[in-house]
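> This is what each chain is made of:
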Amino acid sequence: MPTILAVTEQRQGALRKVSLEAVAAARMIADSLGATVDALILASGPVDGAAGLGVAGADRVLTATHDGFGLYNPDGYAATIASIGRGYAAIVFTASATGRDLSPRVAAKLKTACATDVTALAVEAGKIVATRPVYAGKAIQKLVLGGSPAILSVRPNTFAPVTTDKAGTPGVLAVPAFAQRVTVTEIKAPPQAALDVTEASIVVSGGRGLKEPANFKLVEDLAAAFGSAAVGASRAVVDAGWREHGAQVGQTGKTVAPSLYVAIGISGAIQHLAGMRTSKVIVAINKDKDAPIFKVADYGIIGDLFEVVPRLTEAIRKLKAE
Amino acid sequence: MKIAVCLKRVPDTTAKIVVGEDGKSIDETGVKFVPNPYDEYALEAALALKEKAGTGETVVYSLGGDSCQETIRTALAMGIDRGVLLQSPGSPDGFEVAQALAAELGAGGFDLILFGKMAVDDYNHQVGLMVGELLGLPAISAVSGLSIDGATVRAEREIEGAVEVVTCSLPAVITTDKGINTPRLPSLKGIMSAKKKPLESKPVALGAGAVTVAGLSLPPERQAGRIVGEGPDAVTQLVALLRNEAKVI
Ligand SMILES: Cc1cc2nc3c(=O)[nH]c(=O)nc-3n(C[C@H](O)[C@H](O)[C@H](O)COP(=O)(O)OP(=O)(O)OC[C@H]3O[C@@H](n4cnc5c(N)ncnc54)[C@H](O)[C@@H]3O)c2cc1C
Ligand SMILES: Nc1ncnc2c1ncn2[C@@H]1O[C@H](COP(=O)(O)O)[C@@H](O)[C@H]1O
Numbered sequence: 002m003p004t005i006l007a008v009t010e011q012r013q014g015a016l017r018k019v020s021l022e023a024v025a026a027a028r029m030i031a032d033s034l035g036a037t038v039d040a041l042i043l044a045s046g047p048v049d050g051a052a053g054l055g056v057a058g059a060d061r062v063l064t065a066t067h068d069g070f071g072l073y074n075p076d077g078y079a080a081t082i083a084s085i086g087r088g089y090a091a092i093v094f095t096a097s098a099t100g101r102d103l104s105p106r107v108a109a110k111l112k113t114a115c116a117t118d119v120t121a122l123a124v125e126a127g128k129i130v131a132t133r134p135v136y137a138g139k140a141i142q143k144l145v146l147g148g149s150p151a152i153l154s155v156r157p158n159t160f161a162p163v164t165t166d167k168a169g170t171p172g173v174l175a176v177p178a179f180a181q182r183v184t185v186t187e188i189k190a191p192p193q194a195a196l197d198v199t200e201a202s203i204v205v206s207g208g209r210g211l212k213e214p215a216n217f218k219l220v221e222d223l224a225a226a227f228g229s230a231a232v233g234a235s236r237a238v239v240d241a242g243w244r245e246h247g248a249q250v251g252q253t254g255k256t257v258a259p260s261l262y263v264a265i266g267i268s269g270a271i272q273h274l275a276g277m278r279t280s281k282v283i284v285a286i287n288k289d290k291d292a293p294i295f296k297v298a299d300y301g302i303i304g305d306l307f308e309v310v311p312r313l314t315e316a317i318r319k320l321k322a323e
Numbered sequence: 457m458k459i460a461v462c463l464k465r466v467p468d469t470t471a472k473i474v475v476g477e478d479g480k481s482i483d484e485t486g487v488k489f490v491p492n493p494y495d496e497y498a499l500e501a502a503l504a505l506k507e508k509a510g511t512g513e514t515v516v517y518s519l520g521g522d523s524c525q526e527t528i529r530t531a532l533a534m535g536i537d538r539g540v541l542l543q544s545p546g547s548p549d550g551f552e553v554a555q556a557l558a559a560e561l562g563a564g565g566f567d568l569i570l571f572g573k574m575a576v577d578d579y580n581h582q583v584g585l586m587v588g589e590l591l592g593l594p595a596i597s598a599v600s601g602l603s604i605d606g607a608t609v610r611a612e613r614e615i616e617g618a619v620e621v622v623t624c625s626l627p628a629v630i631t632t633d634k635g636i637n638t639p640r641l642p643s644l645k646g647i648m649s650a651k652k653k654p655l656e657s658k659p660v661a662l663g664a665g666a667v668t669v670a671g672l673s674l675p676p677e678r679q680a681g682r683i684v685g686e687g688p689d690a691v692t693q694l695v696a697l698l699r700n701e702a703k704v705i
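Residue numbers (our numbering), protein chains in the order written: chain A, 2 to 323; chain B, 457 to 705.
Hints listed in this document are in silico derivations from the structure and should not be mistaken for laboratory results. Check each hint, because a few of them may be wrong.
Ranges between beta-carbon positions, derived for each pair [claimed, not checked]:
# : chain 1 : residue 1 : chain 2 : residue 2 : range
1 : A       : Glu125    : B       : Thr470    : 29 to 37 Å
2 : B       : Lys652    : A       : Pro177    : 49 to 57 Å
3 : A       : Ala180    : B       : Glu701    : 41 to 49 Å
4 : B       : Ala509    : A       : Pro177    : 33 to 41 Å
5 : B       : Ala559    : A       : Ala123    : 56 to 64 Å
Heads up, simulated BS3-like pairs for lysine-lysine below, C-alpha to C-alpha not over 27 Å straight-line [said to hold, decoys possible]:
# : chain 1 : residue 1 : chain 2 : residue 2
6 : A       : Lys143    : B       : Lys472
7 : B       : Lys645    : A       : Lys143
8 : A       : Lys128    : B       : Lys480
Coverage of chain B stretches by chain A, computed from C-beta distances (three or more under 8 Å per stretch; other residues unrestricted) [unchecked claim]:
#  : stretch
9  : 510 to 519
10 : 546 to 560
11 : 693 to 704
Please read all numbers here as calculations on a predicted model, not as lab measurements. Glycine included, every Cβ here is placed at the ideal spot set by N, Cα and C.
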């Protein structure tokens with residue numbers, strides 16, 4: 002029976018949520034192919050959340066443990082996955098910072114290509130067909146993955162985690178000898194707060210309409226009112242040094258697909274839209290009724306953000322307090 | 457220091473995308489092509505590193521049709537010493553492209569091979585890392601901060617909500633992200649001297665590859681938006697819609 006491998010991610014010993022998305026995507030392919038799913042954990046010790054991988058769709062949960070696997074270990078992870086890679090019909094990664102780095106390494110070791118940032122999957126005539134945005138989201142490409150194994154990474158926030166009645170049998174994967182050429186020495190906390198725009202289910206972004214950096218407080222307050230929302234930014238304000246580059250949404254920044262994207266004082270330039278147009282619901286607040294952002298927004302308010310945003314924050318706070 | 461930069465010719469990011477007759481690629485009529493924006497960071501890094509070292513050579517490689525000569529000249533105008541065009545129609549399969557580039561770069565004796573983190577046409581995000589694997593070189597991707605001291609490379613890459621610090625030694629492959637530097641513009645003098653710089657062309661053959669494009673389409677237009685209202689008084693209705701219609705809060 003063919004098997005699909007889902008590569009999970011941990012940070013500081015805790016399973017990252019995107020791992021469940023990779024397993025969900027693998028499960029979907031497996032169900033179409035009549036295959037089973039293996040989930041793989043690479044770590045230096047026990048991983049919090051590993052027990053949930055069975056319910057999330059894995060028939061088997063493999064763990065590869067190595068002292069050097071606490072932080073991301075590009076060469077070690079790639080060698081470990083490649084050592085068993087040929088036995089799989091497909092290997093599914095997440096298109097996260099780690100998955101985007103790891104998947105091409107594994108693909109090259111297995112002498113094949115990979116499909117990056119996949120947003121939809123199907124099986125046609127026994128082959129995996131991956132749908133993915135190209136040309137900054139201005140076109141959608143369908144790729145037939147003929148490789149053996151097929152290697153792909155799925156866009157975060159796109160494949161919803163699933164719940165099954167599986168328990169997932171545990172297994173151990175031996176780490177092969179590998180040449181470590183690259184070493185991750187540390188993870189530095191960012192100067193600005195935590196939740197990443199690519200993984201948050203709500204993103205509140207601000208643009209040049211905020212006039213000056215201090216006014217980003219309005220955006221932060223609204224994000225805080227929603228609860229777990231991330232703060233994003235247009236390139237104009239990142240280039241002006243108001244926000245870190247990590248917050249930039251758009252073609253030369255992050256691509257996000259949250260369930261709710263709120264654009265505040267952002268005109269909606271094509272390069273910005275490239276990064277957020279696949280969001281499930283888009284809200285725009287802009288004083289210019291002709292701003293292009295309104296063409297992609299599900300709901301728009303025409304008005305002065307300095308009046309509208311505080312009122313919105315207050316309304317959300319009240320709603321959450323109920 | 458001997459540094460190579462791989463440069464892809466891509467449609468300008470503001471270009472309107474029209475699907476071609478084959479239903480698999482874009483219609484290039486009237487589309488302006490530019491150097492891949494992420495590769496411009498790689499070009500700048502190469503120039504700055506050579507300037508700092510005081511000696512060395514910078515070489516730009518581009519795989520594509522003859523029109524890539526124009527793209528290579530742009531890099532030469534920025535200050536790159538010479539160019540190599542690997543003539544090929546290209547491939548959607550990143551591994552095929554990586555193999556052709558690796559075959560060429562492997563014999564070059566480079567201390568550093570630079571790529572953009574991804575090409576803004578195919579969004580593959582893979583060629584640089586694959587070349588690293590094929591050549592058995594250390595590779596660090598999506599680097600937004602770089603320092604090289606002797607043979608020691610220290611790179612920073614943005615991960616979700618944090619920054620990862622990664623080290624390796626030369627020779628190495630680095631792929632560049634925004635934030636690493638600000639690419640220079642070609643000077644008038646640079647543009648003049650670029651015309652006289654060496655640009656070699658040679659055909660390369662790519663294999664069929666493991667991935668095939670089955671179709672290219674335009675994304676579904678988002679439903680025409682609805683203006684909820686004007687000014688702060690529209691907030692109440694917006695919140696009701698988000699809660700009851702969109703069900704996102
Ligand atoms: C190669 C390339 C790559 C790029 N990549 C990106 C990218 O990744 N991400 C990105 O965002 N951009 C990118 N850009 C830049 C993009 O073209 C725009 O310049 C940028 O997105 C504009 O940012 P903005 O919307 O904040 O500013 P503006 O375009 O200046 O818009 C400000 C908006 O605020 C509104 N406004 C002003 N005052 C108020 C008020 N009081 N109340 C309400 N609304 C108000 C205005 O009506 C206006 O619509 C890229 C450009 C290029 C050439
Ligand atoms: N045809 C090409 N010619 C030269 N360099 C390329 C080519 N395709 C990709 N590259 C390099 O590889 C990087 C990543 O491309 P990709 O994997 O296609 O997203 C680009 O930023 C370039 O540096």
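> With reference to the structure, classify each hint as holding or not holding.
Verification of the supplied hints:
1. A:Glu125 / B:Thr470: 29 to 37 Å: holds (34 Å)
2. B:Lys652 / A:Pro177: 49 to 57 Å: holds (51 Å)
3. A:Ala180 / B:Glu701: 41 to 49 Å: violated (56 Å)
4. B:Ala509 / A:Pro177: 33 to 41 Å: This hint holds: roughly 37 Å between Cβ atoms.
5. B:Ala559 / A:Ala123: 56 to 64 Å: Once the Cβ atoms are compared, 35 Å apart, the range 56 to 64 Å for Ala123 (chain A) and Ala559 (chain B) is violated.
6. A:Lys143 / B:Lys472: Holds - the C-alpha atoms of Lys472 (chain B) and Lys143 (chain A) are around 19 Å apart, at most 27 Å.
7. B:Lys645 / A:Lys143: Not OK: Lys645 (chain B) and Lys143 (chain A) at ~45 Å, beyond 27 Å, violated.
8. A:Lys128 / B:Lys480: holds (18 Å)
9. 510 to 519: violated (count 0)
10. 546 to 560: holds (count 6)
11. 693 to 704: holds (count 7)
In this structure, the hints that do not hold are numbers 3, 5, 7, 9, in rising order.
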